[in-house]
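Engineer: What follows is the residue order along each chain.
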Amino acid sequence: MSKPIVATASLAGCFGCHMSLLDIDDRILKLIELVEFNKSPIDDIKTFTKHCDIGLIEGGVCNTENLHVLKDFRNNCKILISVGECAIMGGLPAMRNGISVRECLEEAYINGVTVGENKKKIMPNDEEIPIITDKVYPLHEIVKIDYYLPGCPPRADLLWQAVVALVTGDELNIPYELIKFD
Amino acid sequence: MSEKVKFTIDGKEYEGEKGRLLVDVAAENGVYIPVLCHWKDVKPAGSCRICTVKVNDRYMTACTTPIDANMTVENKTPELEDIRKAIVEMLFVEGNHFCPACEKSGDCDLQALGYLYQMMVPRFPYAFERRELDAKSPKIFLEKNRCIFCKRCIRMIKDDKGRSFFAFKGRGKHLEITIDEKLAANISEELAQEAMKICPVGAILRKEVGFSTPIGQRKYDKVPIGSDIEVLQK
Ligand code: SF4
Ligand code: SF4
Ligand code: FES
Numbered sequence: 000m001s002k003p004i005v006a007t008a009s010l011a012g013c014f015g016c017h018m019s020l021l022d023i024d025d026r027i028l029k030l031i032e033l034v035e036f037n038k039s040p041i042d043d044i045k046t047f048t049k050h051c052d053i054g055l056i057e058g059g060v061c062n063t064e065n066l067h068v069l070k071d072f073r074n075n076c077k078i079l080i081s082v083g084e085c086a087i088m089g090g091l092p093a094m095r096n097g098i099s100v101r102e103c104l105e106e107a108y109i110n111g112v113t114v115g116e117n118k119k120k121i122m123p124n125d126e127e128i129p130i131i132t133d134k135v136y137p138l139h140e141i142v143k144i145d146y147y148l149p150g151c152p153p154r155a156d157l158l159w160q161a162v163v164a165l166v167t168g169d170e171l172n173i174p175y176e177l178i179k180f181d
Numbered sequence: 000m001s002e003k004v005k006f007t008i009d010g011k012e013y014e015g016e017k018g019r020l021l022v023d024v025a026a027e028n029g030v031y032i033p034v035l036c037h038w039k040d041v042k043p044a045g046s047c048r049i050c051t052v053k054v055n056d057r058y059m060t061a062c063t064t065p066i067d068a069n070m071t072v073e074n075k076t077p078e079l080e081d082i083r084k085a086i087v088e089m090l091f092v093e094g095n096h097f098c099p100a101c102e103k104s105g106d107c108d109l110q111a112l113g114y115l116y117q118m119m120v121p122r123f124p125y126a127f128e129r130r131e132l133d134a135k136s137p138k139i140f141l142e143k144n145r146c147i148f149c150k151r152c153i154r155m156i157k158d159d160k161g162r163s164f165f166a167f168k169g170r171g172k173h174l175e176i177t178i179d180e181k182l183a184a185n186i187s188e189e190l191a192q193e194a195m196k197i198c199p200v201g202a203i204l205r206k207e208v209g210f211s212t213p214i215g216q217r218k219y220d221k222v223p224i225g226s227d228i229e230v231l232q233k
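First to last, the protein sequences are chains A and B. The numbering of the first sequence is numbering that gives the first Met the number 0, which starts it at 0 and goes up by one. The numbering of the second sequence is numbering that gives the first Met the number 0, which starts it at 0 and goes up by one.
Everything labelled a hint here was simulated from the structure, so no lab data went into it. Just so it is clear, CB atoms sit at the ideal spot from N, CA and C, and this is done for glycine as well. Among the clues, some could well be false.
[Said to hold, decoys possible] Per the computed footprint, the stretches of chain B lying under chain A, defined by three or more beta-carbons under 8 Å from a beta-carbon of chain A, are: (1) 46 to 54; (2) 216 to 230.
[Stated by the list, open to error] Derived lysine-lysine pairs resembling DSSO-like cross-links, with alpha carbons at most 27 Å apart: (3) Lys134/A to Lys17/B; (4) Lys134/A to Lys172/B; (5) Lys2/A to Lys45/A.
Go ahead and model the full structure; you've got the sequences and the hints to work with.
Structural biologist: Here's what the structure looks like:
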């Protein structure tokens, strides 16, 4: 039987959740025995080459590129998992929610105390740059999400136990210390 | 000596002084009923509803219900636990709770209830209402995004003339917690500390101290909320 295929992505996140996945230490050797990786920053595969069984997504949706990647994952993964606070509730990037996009950009590029010289008051608007969404969205407010792994980042043991349970079909009994929102 | 009465919680019999609050008597007997707004010996507000139990088949708040003979109380049933979980979820989506950036994280009662009920994601959509942080008083940050309107601060933090430092402003969706700037200008160290302690969430914070307890040693890092009560179970 072929191994289950895993894909991962970081949207509006800090890569902390991916770092936490690496924190499973030497179990990573067991992991590559258990599963095969497809599109993921871990192996640097940029586009889906196969239909995947499990998609792990960190980060919420803050721009049109995130939106595109998220939909691509939903279309290519049987099971899609929100990994970490940003994916689940927007996380720290969502602190801008409730402030208009214009105000955010003006603060970043024109009015902010740390802004250097910008006499022409230019705000980035190249068409190559993804458009910022009106607010940062939790993933499940855009596509169907099958499971949630909270934490900032989710503890390595939680990621490990969840992936193993999914792959082996064993029941997942999460110890108290592993469900945290920070 | 006041009258003793017998009543049951989840089928087990308990005894207590008639007229005392169900939530307190339960706690003394090792039965944890979650609270957010209640504080022992302070006149109950009954505002958060997290202590909802069923008394003789009717929904009641345990923090406002005096015990009486022949009361049949349901507490830890799947139905009630789901109602409580829903309340926790509602509070999470109503405010702006960015736990990773919150000083109360690990010591927060709302968050701890999220852990207890294994809230992986709220069933309600996030409101993302914008609320301000009030940093005008010299000793206290008032982080309105995290207030759950329990009224503990209003009821408990008062000056020697009995005036409250805190008050509500507005109604419904616009309700917010405020601090009296003039009174707060002279709040004592102890009272500022007390205000932070009794706030169940991270809405009232002491200035100039923060993140003083390392992760792993905070109140709810290793043990669920209510375990200090449940160890008293006979
Ligand atoms: S008050 Fe509690 S629930 Fe809200 S952000 Fe702080 S730790 Fe999280
Ligand atoms: S500031 Fe804290 S204590 Fe005061 S009402 Fe809000 S949550 Fe309760
Ligand atoms: S603790 Fe009873 S209503 Fe809040």
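Engineer: All hints are to be evaluated individually against the structure, with a verdict given for each.
Structural biologist: Against the structure, the hints come out as follows:
1. 46 to 54: violated (count 0)
2. 216 to 230: Since three or more residues must qualify, the claim that chain A covers the region 216 to 230 of chain B holds, with 4 doing so at under 8 Å.
3. Lys134/A to Lys17/B: violated (53 Å)
4. Lys134/A to Lys172/B: Status holds; Cα separation ~20 Å.
5. Lys2/A to Lys45/A: Status holds; Cα separation ~20 Å.
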